[in-house]
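Participant: These are the residues of each chain, in order.
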Amino acid sequence: MSAHTPGARIEPRRTTGVPYVLIVPAVVALLLGLGYPLIWQIITSFQKFGLSQQFGKPPEFVGFDNYVALAWNGEFWQVVGRSLLFCVVTAVITVVIGVALAQLMNTVGRSARLILQVSMLLAWAMPVAAATTVFIWLFDRRRGVVNFLLDAFPGVEMNRYDWLGNPSTFFIVASVLIVWMSVPFVSFAVYAGLTQISDEVMEAAQIDGAGAWQRFRGIILPMIRPVLSIVLLLQLVWDLRVFAQITLLKDAGSKSGEFDLLGTYIYKLGVASNDFGVASAVSIVVLLITIGISWAYVRELIKEDEAQ
Amino acid sequence: MTTAKLGRIALNALAIVIAIAWAFPVYWMVNSALIPNAVLQQFRPHFFPGGYFTTSNFAGAIADGSFFSALGMSVTITLIVVAVCLVFAFLGAVAISRFRFRGRKSFVLALLLIQMLPAEGLFIAQYKMVSSVGLLNTVLGVSVIYIAAVIPFTVWMLRGFVAGVPAELEEAAMVDGLSRFQAFLRITFPLLAPGLVASGVYAFLQAWNEITVAVVLLPAEAAQTLPLWLRGFVQASATRETDWGQVMAASTIVAIPVIVFFLIVQGRMTSGIVGGAVKG
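Taken in sequence, the protein lines are chains X and B. Positions 111 to 418 (the working numbering) are the ones given, in order, by the first sequence. Positions -4 to 275 (the working numbering) are the ones given, in order, by the second sequence.
Simulated from the structure, these hints should not be mistaken for laboratory data. Heads up, a few of these hints could be off.
[As the list claims (entries may be wrong)] Lysine to aspartate or glutamate pairs mimicking DMTMM-like chemistry, simulated, CA-CA at most 20 Å apart:
hint, chain 1, residue 1, chain 2, residue 2
1, B, K100, X, E416
2, X, K365, X, D385
3, B, K0, X, E313
4, X, K413, X, D385
5, X, K365, B, E163
6, X, K360, X, E414
7, X, K360, B, E163
8, X, K158, X, E170
9, B, K100, X, E185
10, B, K100, X, E313
11, B, K123, X, D385
12, X, K365, X, E170
13, X, K158, X, E414
Chain X extracted, bound-state conformation (with noise of 0.2 Å):
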């Protein structure tokens, strides 16, 4: 966009109440859906919710003593490791193979680069809890087609293996839907940001004697690298909140409490339990983890509006 903004020279002229009232209603819509149950979040994060508040006692504060109560719990700590894990890995290997599908959809001819792109941007649009239901069928024990191919290979013996019974398996599945599914935001993002690296320069490149490997280091990273931070940060924010796949793989396979993350640990404390007090505060490191990880973006997005 230009440097001289269209909206910026009225401005002057304007700086009566117009804006605000422009505002009301969103602020007014965020406030209602967002602003009061957070608030009402903090405040229950730091009460005792017991059995006698099921039965209508007003909770009594407790100070820090919920989270207090989390450092000492194994459990909690078991799930804030295991989803972390997930998180990070799970969002690694998405951007590595989002780049390297990036790459090749900028290497291949016209006709190979829209198959790929169609085929990408139908695993893009499917709905989360239709993918999560297909997936569960791929990987079905007794009649999935995974297991039928990999039973197929000589020497691999996989017949109704259950892949969602017991946790590893489980969440390797977990993570291959959520990669299958972001994949292709990630290299839509970056083939968007290789398109913008001018011939002449890799050229020039080749003429000096650049290798392969030596072109994406020294020209293409340095150039992508601004969407690729972007696009990093924002699957480590997402696959943070994996609640809807991994309710419906449990769904599928088993209630335990090893195959929880975050998401549906706190749910189970608080729906399942009523013990809104420590499902509160688990809340609160969720959120607090969540704006840790997106700060540098949403400075990042600031930054553009200013430039505006």
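Fit chain B to the supplied structure of chain X, relying on the hints for placement.
Facilitator: Positioned in the frame of chain X, the structure of chain B alone reads:
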């Protein structure tokens, strides 16, 4: 030269193989939806419907009593969310792209941060709030939460479109004797149509696909949206044999409108999310 050519052919072939692998789950969904369940239960999977082709899975999935009520819920919630978000977000976008005012920066910052917050981090509080006013299992309860979740990105997306229409056009119309409001309505508004369509489709996709908050706020079977209806098929498998033909037909029904709408706005969404980073 020939090795370079061979390498090129190999890369093109690789791209097509990856394309096939990536589209496979979607293909498998449709394929399984078109094959009778008895055939799906055979040991050897069928990679094409061929002679088994049937549409009875779709009929069976829809005949399940709750389909139409779930469709009704989804349509109602989606319409409310799209309409409210478009109006509110449009006003907000005009405010931040046409005016410089005190608190503007905080407003933009808040929008961007809120947009990143996961539903998982707030749904317990939202559940408590909505249930305390007796709105669990209602369209209204879930719509309030969806609207708040969708507004930030729609404001951000529309802001780009509003800023893209030169204020000079409006000013010229004002010189020609139109009021500021008239100028906006006749000049700027029509130019914003693509932006409104894109934002509307974005809101549609969010509301239509949402399942996390729906699981929490719509626990009753009678209040299911389409994604929850779909979940019901898999949940039922705990107690009885899964009819995968029907489940895949149900998935296809949920996915098709989304895929169609998604293809319309895809380009805009990428550039909206990564902002100016792509332009470098």
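Participant: Would you mind marking each hint as holding or not holding in the structure?
Facilitator: Against the structure, the hints:
Under the criterion of a C-alpha separation no larger than 20 Å, the hint pairing K100/B with E416/X is consistent with the structure, at around 9 Å. Among the hinted pairs, K365/X with D385/X is consistent with the structure: their alpha-carbon atoms are about 19 Å apart, no more than 20 Å. Distance hint between K0/B and E313/X is fulfilled; the C-alpha atoms sit about 17 Å from each other, no more than 20 Å. Straight-line distance between C-alpha atoms of K413/X and D385/X comes to about 41 Å, which puts the hinted pair past the 20 Å bound.
Simply put, K365/X and E163/B have alpha-carbon atoms about 61 Å apart, too far for the 20 Å limit, and the pair is violated. This hinted pair does not check out: K360/X and E414/X have alpha carbons roughly 41 Å apart, beyond 20 Å. A threshold of 20 Å between alpha carbons decides the hint, and for K360/X with E163/B the separation of about 57 Å lies outside it, so the pair is violated. The hinted pair formed by K158/X and E170/X meets the criterion: a straight-line CA distance of about 6 Å does not exceed 20 Å.
The hinted pair formed by K100/B and E185/X fails the criterion: a straight-line CA distance of about 41 Å is larger than 20 Å. At most 20 Å may separate the alpha-carbon atoms for a hinted pair to count; K100/B and E313/X exceed this at roughly 43 Å. The hinted pair formed by K123/B and D385/X meets the criterion: a straight-line CA distance of about 12 Å does not exceed 20 Å. A distance of roughly 32 Å separates the Cα atoms of K365/X and E170/X; the hinted pair therefore is violated under the 20 Å criterion.
Restraint check for K158/X and E414/X: the C-alpha separation of about 44 Å exceeds 20 Å, so the hint is violated.
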